[in-house]
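*Asks:* Protein chains in written order, with full-length UniProt numbering: chain D, 1 to 364; chain Y, 1 to 364; chain V, 1 to 364; chain U, 1 to 364.
Note that these hints are calculated values from the structure, not bench results.
Some clues are possibly wrong.
Identical copies carry no separate label here, and so any pair may be met within one copy or between two of them.
[As the list claims (entries may be wrong)] Dumping the calculated BS3-like pairs for lysine-lysine here, alpha-carbon to alpha-carbon at most 27 Å:
hint: 1; residue 1: 106; residue 2: 261
hint: 2; residue 1: 61; residue 2: 229
hint: 3; residue 1: 229; residue 2: 59
hint: 4; residue 1: 123; residue 2: 61
hint: 5; residue 1: 7; residue 2: 223
What follows is the residue order along each chain.
Number of protein chains: 4
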Amino acid sequence: MTKTKCKRVGILTSGGDCPGLNAAIRGVAKSAYYKYGIEIIGISNGYRGLIEGDVRPLKAKDFDGILTRGGTILGTSREKPFKPDGRERDSDAGSRKADAIIENYKKLKLDCLVVLGGNGTHKTAYLLKKAGLNVIGLPKTIDNDIWGTDVTFGFHSAVDVATEAIDRLHSTAHSHNRVMVIELMGHKAGWLTLYAGIAGGGDVILIPEIPYCIDSIVEHLVKRSNQGKEFSIVAVAEGAISKKEANLAKEKKKKHKKESKYPSIGYEIAKKIEKKSGMETRVTVLGYLQRGGTPNPYDRVLATAFGTAAADLLAMGRYGYMLAMRNNHVVPVPLEEVAGRLKRVPPDHGLISTARDIGTCLGD
Amino acid sequence: MTKTKCKRVGILTSGGDCPGLNAAIRGVAKSAYYKYGIEIIGISNGYRGLIEGDVRPLKAKDFDGILTRGGTILGTSREKPFKPDGRERDSDAGSRKADAIIENYKKLKLDCLVVLGGNGTHKTAYLLKKAGLNVIGLPKTIDNDIWGTDVTFGFHSAVDVATEAIDRLHSTAHSHNRVMVIELMGHKAGWLTLYAGIAGGGDVILIPEIPYCIDSIVEHLVKRSNQGKEFSIVAVAEGAISKKEANLAKEKKKKHKKESKYPSIGYEIAKKIEKKSGMETRVTVLGYLQRGGTPNPYDRVLATAFGTAAADLLAMGRYGYMLAMRNNHVVPVPLEEVAGRLKRVPPDHGLISTARDIGTCLGD
Amino acid sequence: MTKTKCKRVGILTSGGDCPGLNAAIRGVAKSAYYKYGIEIIGISNGYRGLIEGDVRPLKAKDFDGILTRGGTILGTSREKPFKPDGRERDSDAGSRKADAIIENYKKLKLDCLVVLGGNGTHKTAYLLKKAGLNVIGLPKTIDNDIWGTDVTFGFHSAVDVATEAIDRLHSTAHSHNRVMVIELMGHKAGWLTLYAGIAGGGDVILIPEIPYCIDSIVEHLVKRSNQGKEFSIVAVAEGAISKKEANLAKEKKKKHKKESKYPSIGYEIAKKIEKKSGMETRVTVLGYLQRGGTPNPYDRVLATAFGTAAADLLAMGRYGYMLAMRNNHVVPVPLEEVAGRLKRVPPDHGLISTARDIGTCLGD
Amino acid sequence: MTKTKCKRVGILTSGGDCPGLNAAIRGVAKSAYYKYGIEIIGISNGYRGLIEGDVRPLKAKDFDGILTRGGTILGTSREKPFKPDGRERDSDAGSRKADAIIENYKKLKLDCLVVLGGNGTHKTAYLLKKAGLNVIGLPKTIDNDIWGTDVTFGFHSAVDVATEAIDRLHSTAHSHNRVMVIELMGHKAGWLTLYAGIAGGGDVILIPEIPYCIDSIVEHLVKRSNQGKEFSIVAVAEGAISKKEANLAKEKKKKHKKESKYPSIGYEIAKKIEKKSGMETRVTVLGYLQRGGTPNPYDRVLATAFGTAAADLLAMGRYGYMLAMRNNHVVPVPLEEVAGRLKRVPPDHGLISTARDIGTCLGD
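Taking the hints into account, I'd like the entire structure generated from these sequences.
*Replies:* So, in structure tokens, the structure goes:
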């Protein structure tokens, strides 16, 4: 076993649930524990566990056999110990929580904190780095919207679930001659809806990055119907917005707070399609199902690769990075590059053209 | 090839979409066509196609390779050509549609009409029988609520989908320490929710046949939480009602028309649990996904067995029956026994005891 | 909690691995433990664990969350403590093992032994009953060949796996214009191959109960090819035998011990088809995959129902039975009725006719 | 619709069956047909169809709804119209077939030939290019061994199937305390076994690129057993070779032709493990199942992206390329770069380190 300066690390999972968290924990732990002899402290329920000192050492049996399990053996929470802008550390609850984290980090004699999470998690990780802690981040999210990495673990598993749902809707849409609207996750980024929409053969795909015009959508659906197509599938990201809303938001220089009479965007789109086209339209909101279940093989491999790369950084004492996949290589990216940024679908992304080329309506 | 008196039959699928329809069509057609040389006329979109004369002969290539496909190659509709009580045949739209069916039946020189559908479909089938047509019915529905048969095709496929969804929720519930409510199909009968609830390890199962008391549910969930259980799953049928509603309905001698401020029962239950227990509660409405996709092997076998048994009845000229599975045997049941009746979960059903025995709360 | 005379039971799983074992253990344990306050002793690796005294008390956390897990938390073995005929208890190794079981049963102060297994397991259970022990059996096997019950748990899960495999073969067969042979489990009974063969749309289905004639098979395949069918699927049970072998066996009044030059029946059939028909033929032996993975919802419900029914028998002190599903009801069957018998597919089974009706060749 | 110089293209699928072929055909066809107005001629059964003139125009209904279907609507064959070295075009059968292809290409007035296939297919494509035809290739293979592209379509679908199989084996291995050997496809390249091995948590992974030493494998398995691990999984590529065989092959400057007494490498490895370790060892050969079934969402998206990119090349009249995915971008690669080369797993590939880091034995 190699000797390392890093002797003892804490590990936590933070933010929304996501397939692959356990695979990544296992990757970090197996490599750090067996190859480098590093002690692993499991921290419960994200940053909250570190604030409250809810920790336990992880032993071999803890991370044996968890590769295929959904969720996270450590639990998670959406605790954000810093205020959003990170400035007021000393004057508020945020600061007291951050102080508790720093205090417990020292009390536990950690050499580094390994955090598995999304954008919020890495924002906090960066602030903790600035506050003097050693931190390494692993990018997990079904939204695939973390800056600096080509792909996050959890994303392709969610694409699988969403695509399978669209596949199911096809048969029922076909039998009844309907428009089926399916609402998928993605408040700010449309990766999941774009991928699952193409994979599921969606006829209309609406993502936050491309504001939609309801008339274009209806025109497309009516044209399909006139061509004798018996049904249409509309895949819509929960954060999709109309051109009008987008313009309003731009004018006000801020996110337009929508006051909608509909439970969610899926229902709004469906109601408008039905009203304008007269076609029977039904809605499915996929919701939490997108986060659950065993990670797919792609995510298991990706999470394991991130995990072992994190162990290598620990062994080398290279702290302050998020692991990223770039051009098929796992590389470290400085946390300051990642924090506070969002990776949205660029308008010139190859799959946007692909979708248009096969005749998909993107709502614009 | 055996000679039969029955030379020419029409076949239609009616009512909600359901896995196994194509498998059943294939079963009828392969056997009737190859074994008995009967000509098969496919009728589009349920009874509507017969009203409108939208028909085409089915050839071998039409029913080859459809065993595994979801939906129905014939299309379906919820067209009900008779008034609900069937009495006013001569004075209304219902009658004109029924007349058109009878006329087209004769014009097409059909010897029998094979209908694949649920309760509504068989009600109509019985009325057509009374009106002099030869009819044979096959019991399809994901609800399993057709009187006279132990099981309908489509049911176990829907149980698979619903159970897989509950499995997915488990991981996300576990990670976040939550109550997850999942709303499943079943307006009047709780078969699907009972089976999937047990198969998915649901902690609370609410079905229309057992009116619930919200306080019992909350008590059960709080007790679980106090025992250190990190999450709970509540499976609720869309037709579940509270004891209060059930009593109101009984007093008024009719179904109590609920005016709810919630989009559906799942949201209502979740909101009340959250309010009374303080536990974070989330809702998933599974919706149309339960109807879609390929039939599972159980339903493919069942639908095929019903289909070939229907062909045998055709060959023998035994009309006026619905095929049923009774004690593992496929048997014909007279349509008059089936029409207008509903198979609900009896209070002394074995699975009710099973659920209670393993500690499941049934809401009462 | 109800008081019962039965205070303490041992539970073991024996024979081949099978989906649903954990679901059944959980069913027994949850009900016996919580409802009746019975202490549960887990016995490792089948009867071997009881011979060697490898046991541990099961606590709530042991059977929490195991509903969906494949395999068995107790481990299993094919240990048969009695000689096949059960007569020579006192003079051989068999007897010493049986003596050890009886001794440990008493030492552990068990009131009953609950065994989950197939035909061999129930044979032993019956001999233990004759030797004075209280025993209750639960019927598990992917082969569905246990006498006295309509269905065993594990069977429908295996049908799912086998059918999915046949579905996969369809696409590759179709693309290459081939005969695809798939060999499924089932030495003496063809239930699995019959169900999966029908569910997967197999063109030829060969089961041990219907000896085959290779020429009939080839004739059927050639006819299909001449009709322009681009491929054929042959589902064969590992215990399928030719008419010649069957006759030889009958003459010798015993199972004809085949000395084959082929690795298994699938290869033999394929080679002969290829030689006689000239059609490219490929083999897949599904093997252990049929035993693995999570139980399907049907088996989870069935295993749970058997488990809670076993707990009820324990509470009532009704020993000496195997639980069975008969005409949709869970009922106890005396072990003496079950022991040493085999449930094979009867020649007049409904699905045999169904298969023939849709044009499937059964090899005869 | 844009006007293009390319008016009419032929499309064929060649080589082994592979998920995603239909998705790619649809991608090419939808884009070429609707966007560019190019006429699409479907060629049956790979190059053989072009030799024999077995072609038909593809219409919209031909490529509608095929996105999710496994196999290929065009059929495929392993026809190689050129001799392996491509030199003797004029003197043999190879040449006459090639001549027929060229002749039919001209007779059909094709502006380009789009071929979907693996290494053999692209070798032929290059030779046809040299012979003066316009050709565009799309990289399909479950082996992922095509030079010039980071990934091929079909690969990740096969990884899914293989990983699911390993998942199933886990439960049965666990219950019986066994070594389970699973043999996966890959004669020359180990991508599939490496990915599925890591994704499935394989304890030993053997690929053609890393010759194995049976003693190292046994040592690893025995060590696991001594540590109390109840089972082990060995994933072996069908082309894995021992160090001894590798050395022999090197000496002879050519592939050592193995004369084995075992049906396949999986059986050989299993037998040796059992003999040397005494541990019960079982084999599963996954075989054709790896090629079948619906493409997973990853492959559907990839195949669609390749397909639309091919249509763009057609529209621009840029011929002589294979489409490739490089660093997340679809790019054209000249056929001469691809032909005759093989992409094997490089010894310094990141996943090799990943596998070692988590304690996997790679056999060396």
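*Asks:* Does each hint hold? Answer for all of them.
*Replies:* A quick look at each hint next to the structure:
1. 106 with 261: Close neither inside one copy (50 Å) nor across copies (51 Å); limit 27 Å.
2. 61 with 229: Between copies only: 10 Å across, 55 Å inside.
3. 229 with 59: between (58 Å within a copy, 15 Å between copies)
4. 123 with 61: Cα proximity of residue 123 and residue 61: none, with 32 Å in one copy and 37 Å across.
5. 7 with 223: between (65 Å within a copy, 26 Å between copies)
Checked against the numbered hints given earlier, this structure breaks hints 1 and 4; the rest are met.
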